[in-house]
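Chains as they are written, first to last, in the working numbering: chain V, 1 to 72; chain D, 1001 to 1253; chain U, 2001 to 2222.
Keep in mind that the hints were calculated from the coordinates and are not lab data. These numbers come from a predicted model, not from an experiment. No residue lacks a Cβ here, since even glycine has one placed at the ideal position from N, Cα and C. Among the clues, some could well be false.
Claimed, not checked - Incomplete in silico selection of chain D near chain U, CB under 10 Å:
(1) 1021
(2) 1022
(3) 1065
(4) 1069
(5) 1086
(6) 1142
(7) 1152
(8) 1157
(9) 1164
(10) 1168
(11) 1172
(12) 1181
(13) 1239
(14) 1241
Stated by the list, open to error - No farther apart than 16 Å at their CA atoms in a straight line, the calculated lysine to aspartate or glutamate pairs in the EDC-like style are these:
(15) D/1238 x V/47
(16) D/1091 x D/1157
(17) U/2217 x U/2043
(18) U/2217 x D/1182
Here's the letter readout for the chains.
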Amino acid sequence: MEFHSVGEFLAMGRHGLYVWLSYGLSALVIIANLVLPMWQRRRLIREQGQRVRRDRRGQAAADRTVVNEEKN
Amino acid sequence: MWQWIVRLYHRLGSPKWFYELTSKWIFWLALLSVVGCVVGLVLGLLYAPADYQQGNSFRIIYIHVPAALVAQSAFIMMAVAGAVFLIWKMKMAAWVARAIAPIGASFCLIALLTGAIWGKPTWGTWWVWDARLTSMLLLLFLYFGVMALQRAIESEEASHKGAAILALVGLVNIPIIKYSVEWWNTLHQPATLKLTEKPSMHPDMLLPLLIMILTTYVLFALLVILRTRNEILWHERKRSWVQALPEMLGGGR
Amino acid sequence: MSLVMATIKRDLLLAGRNPGEWLNPLMFFLMVVAMFPLAVDPDPEFLSRIAGGVIWVGALLATLLSLDALYKADVEDGTLEQWLASGESLYMLALAKALVHWLCSGLPLTLMAPVLGLMMALPDDAYIGMLLSLAVGTPILSLLGSVGAALTAGVRSGGLLLSLLILPMYVPVLIFAASAVYHAGLGMAYNGQIGFLGAMLALSVCLTPFASAAALKLNLSR
Chain V
1 MEFHSVGEFL
11 AMGRHGLYVW
21 LSYGLSALVI
31 IANLVLPMWQ
41 RRRLIREQGQ
51 RVRRDRRGQA
61 AADRTVVNEE
71 KN
Chain D
1001 MWQWIVRLYH
1011 RLGSPKWFYE
1021 LTSKWIFWLA
1031 LLSVVGCVVG
1041 LVLGLLYAPA
1051 DYQQGNSFRI
1061 IYIHVPAALV
1071 AQSAFIMMAV
1081 AGAVFLIWKM
1091 KMAAWVARAI
1101 APIGASFCLI
1111 ALLTGAIWGK
1121 PTWGTWWVWD
1131 ARLTSMLLLL
1141 FLYFGVMALQ
1151 RAIESEEASH
1161 KGAAILALVG
1171 LVNIPIIKYS
1181 VEWWNTLHQP
1191 ATLKLTEKPS
1201 MHPDMLLPLL
1211 IMILTTYVLF
1221 ALLVILRTRN
1231 EILWHERKRS
1241 WVQALPEMLG
1251 GGR
Chain U
2001 MSLVMATIKR
2011 DLLLAGRNPG
2021 EWLNPLMFFL
2031 MVVAMFPLAV
2041 DPDPEFLSRI
2051 AGGVIWVGAL
2061 LATLLSLDAL
2071 YKADVEDGTL
2081 EQWLASGESL
2091 YMLALAKALV
2101 HWLCSGLPLT
2111 LMAPVLGLMM
2121 ALPDDAYIGM
2131 LLSLAVGTPI
2141 LSLLGSVGAA
2151 LTAGVRSGGL
2161 LLSLLILPMY
2171 VPVLIFAASA
2181 VYHAGLGMAY
2191 NGQIGFLGAM
2201 LALSVCLTPF
2211 ASAAALKLNL
2221 SR
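Chain V extracted, bound-state conformation (with noise of 0.2 Å):
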């Protein structure tokens, strides 16, 4: 272990400054990664099952009236 305390780590020397600048600014761009593809994909999803699910219920209220035509 190269620091001895939690203090002496976050101060890096001098350079935590910089090395904490640095770590925190490439996790925020890999977390924007990270959401923006997890958002779209949720987007897609609501969007594309709204319309299967509603396409799905048009084909079996099709289905029931043809089955209560052959009936009549």
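Fit chains D and U to the given chain V structure using the hints.
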């Protein structure tokens, strides 16, 4: 062996196969990148000895070098995927190429940001026209060009092909750009101290770096897969296999 | 082959009838270079140091501006379809278009550069180097740029996009050419830089027409 490769290639061309296969991969890739990140950073930030010249600021290397490497490989991958699309008209390749562009640009940006921040304690200014930083900047410009072209061409097919041609021209150009920038740099010599050039690295410094490089490649694969799956969902939305997916039917996420 | 010659002849004739096509980039070149002493410092000693670089950046921007129109008219009026239907190799046609573009932009720029050299207090020794670097370098700009022009021919407001795509690729030309002028001004050898420019010219003559030809075909499917 060859037959196996051909079969794998044909399978990769099937969006359904890719989608179903990667559903299982996502968890393991995510786990691997988290574990790799924790191990690499603990070793790199806590246990690696400080550099005798740069002190603790050298610990930026564990994000800077992996990001720079991945940004360069990503451009090669994007160009190769584009070539596969141009030659064999494989749609999956075009979608993968489109997924790579913003991710490669992001890693390029990370390399530039961390390089600039690293420059402050090392050279005393935020930006020095160092050969490696300058080539990374030009690589970022090349990514911007590909992304701008993808957005600008309205026809889907033509935008994939245009981006592929541009990426291939860029790929031929990258070594020339790198070489010319290095030559220009030796001419002007703004920085005598190179950020990452070490005659020999201490093994305690090198091991975390290797771990971080591998982890960043895994993370890159995960990000590309996430974006490619979205492309598949969008382009195949009218297909019955997509409409039969559990996430499409139930209100499930 | 006759079609290639006919295209060259037609485009040169068009440029002759419409002088703006080759005059405007020249005027732009003149104006851009004139901005630098106004914006930075008119001191001749300082100007002579940056002259080569400024003249080269000006030449690069002027070339980019004139590239936008390279394939636009051919795509819009259906000449491109005629070419494809003729069965003539698109490689040769792309090469011919780049040649005409160089004749209408790179060559006049090269011929005008000495005047700008006077304005920028270019050292006396540097004139030959500057002319050589422009003569070898500007054809590369035309060839590489024609790929971008072919890619953006069907895009609305493609001019700005074209610059985004092509500027990073111009960097090696800019580096070697500007350094040739600078070294010539110091009285040092600059044949290495000209040699690199020549190698790049040979490479781009061989390769860029392929990319242009592939990019031109995209404009048909739109």
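Results of checking the hints against the structure:
| no. | hint | in the structure |
| --- | --- | --- |
| 1 | 1021 | 32 Å, violated |
| 2 | 1022 | 30 Å, violated |
| 3 | 1065 | 23 Å, violated |
| 4 | 1069 | 20 Å, violated |
| 5 | 1086 | 7 Å, holds |
| 6 | 1142 | 5 Å, holds |
| 7 | 1152 | 5 Å, holds |
| 8 | 1157 | 6 Å, holds |
| 9 | 1164 | 9 Å, holds |
| 10 | 1168 | 7 Å, holds |
| 11 | 1172 | 7 Å, holds |
| 12 | 1181 | 7 Å, holds |
| 13 | 1239 | 23 Å, violated |
| 14 | 1241 | 28 Å, violated |
| 15 | D/1238 x V/47 | 13 Å, holds |
| 16 | D/1091 x D/1157 | 9 Å, holds |
| 17 | U/2217 x U/2043 | 51 Å, violated |
| 18 | U/2217 x D/1182 | 36 Å, violated |
Violated hints for the displayed structure, listed by number in ascending order: 1, 2, 3, 4, 13, 14, 17 and 18.
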